[in-house]
Amino acid sequence: MAKMINVDIEKCTGCGVCELQCSFRHHGEFNPLKARIHKTIYIEQMMAVPVLCRQCEDPWCARICPAGAITKGIDTHSGAPVVTVSEEKCVGCKMCVLACPYGCISVGDGGVAEKCDLCNGVPQCVKFCLRGALSFSDAAEDMLDRKQKVADALLTAYQEA
Amino acid sequence: MPYLYGGTILRVDLTKGEIKTVPTDRYASKYVGARGTNARLLYEAVDASTDPLGPENIVCFGSGPLTGTTFPGCSRTDVMTKSPVTGLIGDCSFGGDWSAELKNAGWDHVVLEGKSPHPVYVYIRNDKVEIRDARPYWGLPNYEAQAKIRADLKNENYKIVSIGPAGENLVTYASVHSNIGNSGSRTGIGAVMGSKNCKAIVVRGTKGIAVADPDAFLEACGEAHMHIRGTEAYAEYHQIGLLADELAYVRCGIECGGDAHETAPSFDDKFEYSDFNKRYGYKRTGCMGCPVHCMEAYNVPDIGATIISCELYPQLGAELRNYDERLWYHMVMQCHKQGVDNTSVATILQWLMTLWELGIIDESITDGYRMEWGNAEAIEGTFWNIVNRKGFGDILAQGMRVAADYMDDMISLEARGGQSTYYHAMQVNNNPMYGIVGRFHGQALAYSVGRRSDLISDLDMTEFLIVSAPVYPIWDDATKQAYTEGEQAEGLRLGGTPEAADPEGYKGKAALVHDMGMTIGLPDTVGTCKWHTKFLYMYIDAPHYAKALTAGLGRAVSPEELVNASLRMRNLERALENKLGRRRENDTIPEKEFDKKVAHGYWKGKLGTSREGLERMKSEYYLIRGWDLQTGIPYKETLLEYGLDDVAADLASLGILPERTETDTVRAMKDPTLAYILMDEEEKRARAGGRAAGSGNGQKGAVETESAVSS
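In order, the protein sequence lines correspond to chains E and D. Each step along the first sequence adds one to the number in the numbering used here, with nothing skipped, and position 160 is 160. Each step along the second sequence adds one to the number in the numbering used here, with nothing skipped, and position 509 is 509.
Since the hints were made in silico from the structure, they are not lab data. Each statement offered as a hint is correct.
As a list, the in silico DSS-like pairs of lysine-lysine whose alpha-carbon atoms are at most 27 Å apart: (1) LYS207(D) to LYS94(E); (2) LYS283(D) to LYS11(E); (3) LYS547(D) to LYS30(D); (4) LYS34(E) to LYS11(E); (5) LYS207(D) to LYS547(D); (6) LYS480(D) to LYS606(D); (7) LYS207(D) to LYS34(E); (8) LYS127(E) to LYS207(D); (9) LYS30(D) to LYS579(D); (10) LYS579(D) to LYS115(D); (11) LYS283(D) to LYS127(E); (12) LYS154(D) to LYS94(E); (13) LYS127(E) to LYS547(D); (14) LYS34(E) to LYS154(D); (15) LYS592(D) to LYS606(D); (16) LYS34(E) to LYS128(D); (17) LYS149(E) to LYS11(E); (18) LYS278(D) to LYS149(E); (19) LYS115(D) to LYS148(D); (20) LYS30(D) to LYS20(D); (21) LYS16(D) to LYS128(D); (22) LYS127(E) to LYS149(E); (23) LYS547(D) to LYS670(D); (24) LYS283(D) to LYS148(D); (25) LYS149(E) to LYS283(D); (26) LYS278(D) to LYS11(E); (27) LYS547(D) to LYS34(E); (28) LYS20(D) to LYS207(D); (29) LYS30(D) to LYS670(D); (30) LYS534(D) to LYS127(E); (31) LYS115(D) to LYS16(D); (32) LYS596(D) to LYS606(D); (33) LYS670(D) to LYS684(D); (34) LYS147(E) to LYS283(D); (35) LYS278(D) to LYS147(E); (36) LYS115(D) to LYS128(D).
Covered stretches of chain D (chain E as the covering partner; in silico rule of three or more C-beta atoms under 8 Å from a C-beta of chain E): (37) 60-73; (38) 137-148; (39) 200-209; (40) 214-226.
Just so you know, even glycine gets a beta-carbon here, dropped at the ideal spot from N, CA and C.
Assemble the whole structure, with the sequences as input and the hints as a guide.
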């Protein structure tokens, strides 16, 4: 399986550095609202959950786009699957915004659709995520890590028993 | 919109319901932002006659130029007011994400003025500012009030700073609170907000923060991040937070080495916070954009979730000989929720327990509670009486001075052992202290001269490390030695003498305390976290801030300019405190703490600060700062040097502006390592009975004070 941005909710502290980096890279300003990743903070539980584009296998945004501006391809730098918007073709009709079940595509001040483009193969949100809640890795490998965590817990329980 | 700044200061007059705006630039060009600008705003608003809880007092909330960016520690909000606890400067800084949101809404500072006729909250959504009815939220604890406001606004993204019932009830040491665990606790800012009938400030900002040169700015931030991540301190704090620090401080006696343990059987190993952490801690957490994550999130069954970090561990626990960890956790959480300063509550309870142990007070005073060490009923009952202003709690809520006067009236002088009950109070200018740190020399100085009658802003971390290294829980012997030697070298470099780093010494410590104060002033003005400086051994310093500001503002900012701004701010704050009545004699530790040995832990039976020693350190400190040795007021020449001409004129009109008449201070200001030599010479001259050449009032006064004390 190819690389994608994975989220480990357990590690996320909600510090928001991903949002700051994302908005800064794409818009040159620090503005969480313009970021393409958003962390929802659950204050009472002190948990935070980042949500960002899943680069769907069969993206609804691409399917609905009447201008044919959204395509599924492979990022040349990282080899990861990525859904991209052609700024030339996009007419700003916002059908994609309606279609995306994750709320991860929007039309900003530029009048064209904006979404996670994996920052030319080096996602800035991942680079600055200091607790490692975000990783840009092979999803299957990543799941192995989680399986190992379960295995560790089982082993500990077995040895204590 | 100007680079890095929101551009405007918001002034909300709660009496008239008016909103005014002031361009930030009027202040920022000279005071940078955050604590610097707040100090200036406060200076212009209050004087000695201002009633801290009257409508004429103001509360300033401020962000700095690096707040809300990717510079590490970008989350800080500085809050300043005239304190109802000390009558001097009240100042706090809290993390979270509130001030970043404020700046995103286009505002750098919010100033609350006047007094609303009924409970209100200030609503800010970008340019839209409204004073709204807060009656539905009045009386609610912090967590619940914030959740209800968010729910009613149908938007979870509002950032809120609020007061709890303690602030509403004007408990003088009430706090302001944001999110969970981001608290501006010391010096009673919550009470001032409560006196204005202002429950909360609710902010949503979507404007963004612009920078002049994005690439260079990103590089500067990346460099600072990498610098922090390269330090050994980071590796530790990132993994286990401040827990190891706290355990070391408890074990060495700098915390929990005081009154609570004078007569206690040893409590070593009785309170193992790391065990609690293993059972109930469920993750590490931190503020916006911070790489360190210094806080621990806990969730204890049947009590709930909250954040605990730093000195919150011992205060309501071992400091009261309270070893019931569930009670301790519950009390810390209630301090957050009810909006009251954890430190003040703990120190006041400790005071009552000391008085009880000495047989000075009994149930007739304490509402029937037996104030025995660790008595759960007494701890919790007194806490609720303070928050709700009931019975004796109503007196305690007005602070230690008022409570002491009340008890003195009730108890005969004989029963009090010939002393006022205030004698036993651990306070500096009526501000309850953190434990017994005054028995450690550097901290005694830091506490005495500290700008808000507190040590946290001018600290001697060199001493903290050296006294705690021998009992540091996670270090091996080689590490302990390496750290200790590193700090000894630092002491020698800054203080000019090995004595500066010697826990038993006095000389040269002033230079260390001064340097820490100057360093902490940097993040405090640019709006980032002081934890990242040498304060917690992560060594972010003026060049890092200068590089980021240069890239962000699009104009050259030099490290010297920032250091200068830090010193300017400190002199401005000092001048304001002097204007409000502070003098050399107010820079002290409690009377009873002189010469008292540490009562428990590694330094048991050792150290203790002498009166002469403290006076000596203070004189060195004033020399380095350029303050008059007799009064502790900045010299006219010092104020002029930092461009505070109008402040000098103001002090002159009050008749309290000293003029420099000798040259020692000029030399010490340029080179702090000389301070101890200059004071040595001064003492020699004084002993010889002769008057120093060119000695002015200040010099003479100091010498007289010292000889009077030593005789």
